[in-house]
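**Student:** Next come the chains, spelled out residue by residue.
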Amino acid sequence: MAEVVFFIAAIGAIAGAGGTVALRNPFYSVLALVTHLLCLAALFLLLRAEFVAAAQVVVYAGAIMVLYVFVSAYVGRVDHSVGPNPGPGLHWTAWAFAGALMVELFIAVLGSGLTVLDKQGTGFFPGFGSPAELGKLLLTRYLLAFEVASFLLLVAAVGAVILARRREGLEPAGTVSVGDLFSSTVRTGTIDEHEAGAQLESGGSPKR
Amino acid sequence: MSTTWYLLVSAVVFCIGAGGILVRRSPLVILLCLELMLNAANLALVAFSRAQGNQDGQIFAVVVMVVAACEVAVGLGLIVAIYRRKLPVDVDELRELQG
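Residue numbers (the numbering used here), protein chains in the order written: chain H, 1 to 208; chain B, 1 to 99.
FYI, nobody ran anything at the bench for these hints, they're computed from the structure.
The reader is advised that the hints may include incorrect statements.
Unchecked claim - Partial list, computed: chain H residues near chain B (C-beta under 7 Å):
1) I14
2) A17
3) G18
4) L33
5) L40
6) L47
7) L67
8) V71
9) S72
10) H91
11) W95
12) L101
13) L163
14) A164
Claimed, not checked - Quick list of the computed label-pair ranges, beta carbon to beta carbon:
15) T140/H <-> R84/B: 38 to 46 Å
16) D56/B <-> R24/H: 34 to 42 Å
17) L87/B <-> H91/H: 19 to 27 Å
18) R85/B <-> K136/H: 44 to 52 Å
To be verified - Simulated coverage check for chain H against chain B, where a stretch passes if three residues somewhere in it have a Cβ under 8 Å from a Cβ of chain B:
19) 3 to 13
20) 20 to 27
21) 49 to 60
22) 104 to 113
23) 127 to 137
24) 145 to 156
The beta-carbon is built from N, C-alpha and C at its ideal position, and this holds for glycine as well.
Starting from the given sequences, assemble the full structure and let the hints guide the process.
**Tutor:** Here's what the structure looks like:
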């Protein structure tokens, strides 16, 4: 049974990867990658990595792929060649490099002679790969990695907002940018300012 | 299934991703191929974790997912910025830092 599931999931994963590379429309590439990720989650389940499989489906195939779908729909079909085509020679050279890499990896895996690779794996305790066990590890032994990862997420989120915001000159008047938050006028905090504000709210000062 | 099978699948997916990065010219598809390579590494990590009966590899896989999410956020932000400035969305054309 496990073999059948493995081969179905492995074929699906490899086909999804091939589709991601081969399809001309980026939108279909994203959908092929979703297929690949779901098949990979099935492989993770076979390897007793329940939490990683769930995170793969929820975070990767759910959240990240939605980002991809949005951007590919926003940018549109951009894969038509803009500049001069480098020619089929370069294309096949690239695939030859990839094939050489694959042959090398196969030699490394099959020719390693490690007996541990030929077994199904050592025994595992109940709860292996469950969220509870991984959570314990993340909050004790790998606490530093956990915190650094959270900080990295924060930095990346702020960076993405800064990168993708509307720039000066391209924006219509009246939009608020992140820079406005830092360039506000310094308030003195005196009674005059407060009164001026109150008069503005009640219809403006009589001098105007 | 022995660990070797999982490693072979991982190797195939990694090489497809590497070939795609070399061949394709749209930055969006290049990011997708990068995801393929990261996922192949994840599969190898989880397979080794199962072979050793040790959960450290799974922690590593989760951290790789976090890094991939960050890379996607910044990369897609860059693509949107490129598109907004009406530059060609093609890595062969985007060779200059001058903007």
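**Student:** Does the Cβ distance between T140/H and R84/B fall inside 38 to 46 Å?
**Tutor:** 45 Å, holds
**Student:** For the hint on A164/H, just tell me whether its beta-carbon gets within less than 7 Å of chain B.
**Tutor:** 4 Å, holds
**Student:** Using the nearest Cβ pair, does V71/H come within less than 7 Å of chain B?
**Tutor:** With a closest approach of 5 Å, the V71/H hint holds.
**Student:** How about L101/H: closest beta carbon in chain B under 7 Å, or not?
**Tutor:** 5 Å, holds
**Student:** Hint check: is the beta carbon of L47/H less than 7 Å from a beta carbon of chain B?
**Tutor:** OK, holds: L47/H within 7 Å of chain B, min 4 Å.
**Student:** Using C-beta distances, would you say chain B covers the segment 145 to 156 of chain H, given that this needs three or more residues below 8 Å?
**Tutor:** Satisfied; 6 residues make the cut.
**Student:** Determine whether the Cβ-Cβ distance between D56/B and R24/H falls within the hinted range of 34 to 42 Å.
**Tutor:** 41 Å, holds
**Student:** Grab the minimum C-beta distance from G18/H to chain B and call the hint holds if it beats 7 Å, violated otherwise.
**Tutor:** 6 Å, holds
**Student:** Take a look at whether the Cβ-Cβ distance between R85/B and K136/H falls inside 44 to 52 Å.
**Tutor:** 48 Å, holds
**Student:** Does S72/H pass the interface hint, meaning its C-beta sits closer than 7 Å to a C-beta of chain B?
**Tutor:** Since the shortest Cβ distance to chain B is 6 Å, the answer is holds.
**Student:** Checking C-beta pairs, does the segment 20 to 27 of chain H have three or more residues closer than 8 Å to chain B?
**Tutor:** holds (count 3)
**Student:** Can A17/H be said to touch chain B, with a Cβ gap under 7 Å?
**Tutor:** Holds - the Cβ of A17/H comes within 7 Å of chain B, reaching about 4 Å at its closest.
Violated hints are absent here; each numbered hint is respected by the structure.
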